[in-house]
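Given chain P, work out where chain W should sit, using these hints.
Chains as they are written, first to last, in full-length UniProt numbering: chain P, 1 to 454; chain W, 1 to 449.
Source of the hints: derived by calculation from the structure; they are not laboratory data. Note that the Cβ used here is the ideal one computed from N, Cα and C, for glycine as well. Among the clues, some could well be false.
[Stated by the list, open to error] Computed cross-link-like contacts, EDC-like style, restricted to lysine to aspartate or glutamate with a CA-CA straight-line distance of at most 20 Å:
#1 W:Lys116 / P:Glu11
#2 P:Lys392 / W:Asp73
#3 P:Lys309 / P:Asp383
#4 P:Lys89 / W:Glu8
#5 P:Lys61 / W:Glu9
#6 W:Lys96 / P:Glu344
#7 W:Lys116 / P:Glu372
#8 W:Lys11 / P:Asp93
#9 P:Lys7 / W:Glu112
#10 W:Lys385 / P:Glu213
#11 W:Lys416 / P:Asp411
#12 W:Lys257 / W:Glu343
#13 P:Lys85 / W:Glu112
#14 P:Lys128 / P:Asp93
#15 W:Lys314 / W:Glu343
#16 W:Lys11 / P:Asp96
#17 P:Lys392 / P:Glu372
#18 W:Lys107 / P:Glu11
#19 P:Lys61 / W:Glu414
#20 P:Lys89 / W:Glu9
#21 P:Lys7 / W:Glu355
#22 W:Lys116 / P:Glu8
#23 W:Lys318 / W:Glu343
#24 P:Lys85 / W:Glu9
[Stated by the list, open to error] Across the chosen pairs, the derived CB separations fall in these ranges:
#25 P:Met4 / W:Ser438: 32 to 40 Å
#26 W:Glu414 / P:Asp270: 37 to 45 Å
#27 P:Glu73 / W:Glu8: 20 to 28 Å
[Stated by the list, open to error] Chain P is nowhere near these chain W residues, computed Cβ spacing over 12 Å in every case:
#28 Lys105
#29 Asp136
#30 Ser235
#31 Pro261
#32 Gln279
#33 Lys298
#34 Cys312
#35 Glu358
#36 Asn375
#37 Leu434
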Amino acid sequence: MLNMTPKEMNERTALRINPCKVCQPVGAMYCALGVHGCMPHSHGSQGCCSYHRTYLSRHFKEPAIASSSSFTEGACVFGGNSNLKTAVKNIFDIYDPDIIAVHTTCLSETIGDDVKSYLQEMEIPEGKFIVHANTPSYVGSHVTGFSNMMSGFISYLAHSTGKSNGKAAIFPGFVNPGDMRELKRIAGLMRADCILFPDTSGVMDSPMTGSYEMYPRGGTKIEEIAALGDCDRVFALGELTSAQPAADLERKCKVPHTLLPYPMGIGATDSFVMALSRHIRGEVPYALEEERGQAIDLMMDAHPYYYGKSAAIYGDPDTVLGLTSLTLEMGMIPKYVITGTPGEAFVTKANALFTQFGTEGCTAKAAADLFELHQWIKNDPVDLLIGGSHGKYIARAEDIPIVRAGFPILDRYGHIYQPLVGYRGVMRLVEKIANAMMDRRDRDCADEDFEMVM
Amino acid sequence: MQTTGILEERKSSILLKNRKGSRAPITCDRASVAGAVSQRACVYCGARVVLNPITDAFHIVHGPIGCASYTWDIRGSLTSGSTLFRNSFSTDLREKDIVFGGAEKLKAAIDEIMEKYAPKLIFVYATCIVGVIGDDVEAVCRQAEKTYHNRVIPVKAPGFSGTKSQGYKLACNAILQLLAPHENQPKQNGINILGDFNLAGEIWIIQNYFREIGVPVISTMTGDANYETLIRAPSARLNLVQCAGSSLYLAQRMEEKMEIPFLKVSFFGIEDTTNSLLQAAKALGDKETTARAEAFTKEQSAKVRAAIAPYCEKLRGKRAAIYVGGGFKAISLIRQFREMGVETVVVGTQTGKPEDYETIQSLVNPGTVILDDTNPAELEAFIRKTHADLLVGGVKERPLAYKLGIAFCDHNHERKHALAGYEGVVNFAQEINLSVNSPVWQAVSSRTI
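Next up, chain P with everything else stripped away, as it sits in the complex:
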């Protein structure tokens, strides 16, 4: 790192260096933590579960509970059925969740465990639930695992009674609890009666009370997931994260869905707000108009400090696309836009944004890694990095300011409470980006250029 990354690029086909993704199960675990009274269960070796909990704890600075099937050699030879059976019994006996959400791992997938049929044969205590999702670590990334787990909940629990409940559903995507709160607040201002699924607010940002609750107050309730089947419409945010579960719900319960990008930036937030407005057939309230006006006011006030500056943006596909569209609105040049998650749809969407704003010379790549990004930057630098903590090595080596946004952020506090979505998210990001550029100017400029008023 630091100076280990060579400027000269050579093609790699087999070696992954400094990844920009993790594996499916951690996404599945995060999704399951967004269901009230749920115990995420990792069907594999206990190291997986331990790593995922640690990873989530490092980002959210909160306990992340989950249980494991604790595979042994025997389980690998004879299959994991008996481990799962014992685990389920133990979990209900001792931790008493309302629901267990099982996800698989590379191991249980490779040995061919048929979790679905195992669960069908199992006796489940009255009033309790078990769902599962297949989340092989060698397909997709943590984002894929997140949507697969959503699909798992939907396929087991969502149910159409044939009668509308008059509600809308919002699929928030793989975002922080602070974003989920903001989406609920916006829906509340719009007077739209919504079910947010999953909802990690009140779980992964639960307040200090002096006692440890294994199942904090937050999370989408089981009956709310069931009621998804009777919603009038789903607003699926994150075209690469929420599309699959939304399509599954539509197929199963005939609930139509509107696919939208993460509401990051003015345009994307407008789309979300207008979609809600059409749904409720009502006006956008002044409170939101005011926020929008404030966000634009801020962008205007600070624009000379970031206009024309270039940025490298890395992280999860929909988050990166959201941040890209915000930086384009700010007149910045998102020169390098990468995600570790595979899938060419990301590139297509990023290119569409570049075209929409008439920006040239920007590169988007999926299934990329941070080593490659570092090499690009060494050959042609940028003014700013935007993404998770792992970019800090590049920031230090190349002396480029970094704005932390997305997942995971392992080296800062407070990020989980604050939104990136909505007009408030715009204000927060613009402030962070402008401050990063201005701090740099204060640091680097000559004495005679050092200004009190900027």
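Just chain W, lined up with the frame of chain P:
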């Protein structure tokens, strides 16, 4: 004993030291119960944490991406040389590789590294599914060694194949494999330090002590180690083993194969640091060294006792809960807390051995809760029951402590300051004081709304 929140199968892994002080056996060193919210990791994790601090090696994780991502630069081991080990290398196996096998990809990855960097040492960690899909990792590594005339050492560490301790053993075997061609070296006056990973620069502190008393340190395993220093290890006259959980096996094999005797030591706390330095000096057998060690430890102990006195004043009567990885650290911490006037009321380890638990029982007061491979529910129950004021643990325990509104000190990978040696005693007292006496806990208890 209160047993709410405790699995039937777990009961034999929990012990309450009774009033009479009799010693009961505890169930430990076993796989976790399926369904438990265990704080433990796996075989791969054990192997990785021991080998990862080797600074100039390429550590390639052969498997799907997760295991590489989760272990990318999280250990906090410092380096005085190469920073290579702080990068993440893997084969990022995809579905196609699972179907057709990943051996070719591994071979290609090694080729890509050799063409560009030509390192002397590569470790290849095979994770859970590699054996299942039938990759012959050993053959690939053997072939690579032949082609490139360097060391490419396989570490076959499927997560399911035992506990984290099994992974330590695999790491020790990998080191032995590295040392094998260099076993027959003439002995020289000097020691190796095993089982210290240079977290927050701790091995440098220990090395300085040995410099003070005139004992050369030949090799460190694995904190701040590199290929060149490692292969000189067989020339040492003595091995010191700090983290016995991870490195005792290595010391035993080195004694067998290379005739290097070993001593179990601990550099946590005044008492243990002093004893360890004196024992090492004595074992090397010359009077001058011993005399220097005696003078040095005496001077340092007095200095440190004076330095921590103001903190001890503020900490007296506090109650500590300890939950750490290995037994040796738990034992040192109990002693260290005693020195600070802090009583240990809960103590547990992830991978302690029966003999560790015996020592622990002999050190703690009656009423102390002793746990093996515990989980958040148990920890919570016992922290509440014993009214502990602070918890010493690792990353998964931190948010738990904070949720309970008690102080916390990371004595694991995320430690912020060196906690070993005499300097470490002062840092530890400062850190405990910083957390226990922060006004933030008053905000928790002084609820007025």
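Going down the list of hints, with the structure as the test:
| no. | hint | verdict |
| --- | --- | --- |
| 1 | W:Lys116 / P:Glu11 | holds, 11 Å |
| 2 | P:Lys392 / W:Asp73 | holds, 12 Å |
| 3 | P:Lys309 / P:Asp383 | holds, 6 Å |
| 4 | P:Lys89 / W:Glu8 | holds, 12 Å |
| 5 | P:Lys61 / W:Glu9 | violated, 30 Å |
| 6 | W:Lys96 / P:Glu344 | holds, 18 Å |
| 7 | W:Lys116 / P:Glu372 | holds, 15 Å |
| 8 | W:Lys11 / P:Asp93 | holds, 14 Å |
| 9 | P:Lys7 / W:Glu112 | holds, 16 Å |
| 10 | W:Lys385 / P:Glu213 | holds, 16 Å |
| 11 | W:Lys416 / P:Asp411 | holds, 13 Å |
| 12 | W:Lys257 / W:Glu343 | violated, 43 Å |
| 13 | P:Lys85 / W:Glu112 | violated, 44 Å |
| 14 | P:Lys128 / P:Asp93 | holds, 12 Å |
| 15 | W:Lys314 / W:Glu343 | holds, 14 Å |
| 16 | W:Lys11 / P:Asp96 | holds, 18 Å |
| 17 | P:Lys392 / P:Glu372 | holds, 15 Å |
| 18 | W:Lys107 / P:Glu11 | holds, 15 Å |
| 19 | P:Lys61 / W:Glu414 | holds, 13 Å |
| 20 | P:Lys89 / W:Glu9 | holds, 12 Å |
| 21 | P:Lys7 / W:Glu355 | violated, 53 Å |
| 22 | W:Lys116 / P:Glu8 | holds, 10 Å |
| 23 | W:Lys318 / W:Glu343 | holds, 6 Å |
| 24 | P:Lys85 / W:Glu9 | holds, 15 Å |
| 25 | P:Met4 / W:Ser438: 32 to 40 Å | holds, 39 Å |
| 26 | W:Glu414 / P:Asp270: 37 to 45 Å | holds, 42 Å |
| 27 | P:Glu73 / W:Glu8: 20 to 28 Å | holds, 24 Å |
| 28 | Lys105 | violated, 5 Å |
| 29 | Asp136 | holds, 16 Å |
| 30 | Ser235 | holds, 30 Å |
| 31 | Pro261 | holds, 34 Å |
| 32 | Gln279 | holds, 35 Å |
| 33 | Lys298 | holds, 41 Å |
| 34 | Cys312 | holds, 27 Å |
| 35 | Glu358 | holds, 26 Å |
| 36 | Asn375 | violated, 9 Å |
| 37 | Leu434 | holds, 16 Å |
Consistency with the previously given hints fails for numbers 5, 12, 13, 21, 28 and 36, ordered from lowest to highest.
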